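Use the sequences and the hints to build the structure in full.
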Amino acid sequence: MRESTSAVPRELPDYLRDTYTWAYLDHRTLPWLDRPVVVSAILWGNAGRLMSRAVSEFKPGQQVLQAAAVYGDFSPRLARQLGEGGELLVLDVAPIQIANTRRKLARWPLTTHAQVADLTEPVGRSFDGVCCFFLLHEVPSTARRCIVANLLDAVEPGGKIVFVDYHKPRWWHPMGPVMALVFCYLEPFANSLLDESIETLVPETADFEWRKETFFGGLYQKVVGIRR
Numbered sequence: 001m002r003e004s005t006s007a008v009p010r011e012l013p014d015y016l017r018d019t020y021t022w023a024y025l026d027h028r029t030l031p032w033l034d035r036p037v038v039v040s041a042i043l044w045g046n047a048g049r050l051m052s053r054a055v056s057e058f059k060p061g062q063q064v065l066q067a068a069a070v071y072g073d074f075s076p077r078l079a080r081q082l083g084e085g086g087e088l089l090v091l092d093v094a095p096i097q098i099a100n101t102r103r104k105l106a107r108w109p110l111t112t113h114a115q116v117a118d119l120t121e122p123v124g125r126s127f128d129g130v131c132c133f134f135l136l137h138e139v140p141s142t143a144r145r146c147i148v149a150n151l152l153d154a155v156e157p158g159g160k161i162v163f164v165d166y167h168k169p170r171w172w173h174p175m176g177p178v179m180a181l182v183f184c185y186l187e188p189f190a191n192s193l194l195d196e197s198i199e200t201l202v203p204e205t206a207d208f209e210w211r212k213e214t215f216f217g218g219l220y221q222k223v224v225g226i227r228r
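Going by this note's numbering, the letters in the sequence shown line up with residues 1 to 228, in that order.
It should be emphasised that the hints constitute simulated quantities derived from the structure, not laboratory data.
Treat the hints with care, since some could be wrong.
Simulated crosslink set (DSSO-like; lysine-lysine; CA at most 30 Å straight-line) [claimed, not checked]: (1) Lys212 with Lys59; (2) Lys222 with Lys168; (3) Lys168 with Lys212; (4) Lys222 with Lys59; (5) Lys212 with Lys222.
Here the structure is a predicted model, which is why all the values come from computation and not from measurement.
Below, the structure written as structure tokens:
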């Protein structure tokens, strides 16, 4: 029988241990939350569409960085999109998430890699593309700016960065009151993201050309930057 599953290494960020142990660091909840049907429910049935929109921004043969592990089948979708000539590197600060990602990417041992890394530190190499799928709302504002700056620095000239995340919904959105409760009690850093524009978040964004789409009554956004 497994003993305590909530104990985590001290080097993990405080915000992760204090806020998201139940969601990302517990062996008991991980298998349940990682199910595609659960991911779809959390995103009000939009998970598949949002994943497809993000993955479609990349081309076969590219080298792509995925910023943080993602529940569901997002990483396998991205690996299939990049194909045999591509490379996918997934970085996440939590060893339990990296182990789970490696399991899901076991079919692509030659073209995919998953490593423990803190994205508030420089990545250390550049890529054709970077994808950040529903990470920014889960980190405090200061860490968010560090992460965005480091991800932008990891994009080669002419390369692309894709952010998919929450967005401030339209005033009439029927899920607005529910999401307000979610952001208050389960996602305490989300409101600070809703008050900001990703495409102007840090000075490094000036080196990119940006385009933005919103989905599902404005509740979700896809922001794409091309490095000049």
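Hint check results:
no., hint, result
1, Lys212 with Lys59, "19 Å, holds"
2, Lys222 with Lys168, "13 Å, holds"
3, Lys168 with Lys212, "13 Å, holds"
4, Lys222 with Lys59, "17 Å, holds"
5, Lys212 with Lys222, "6 Å, holds"
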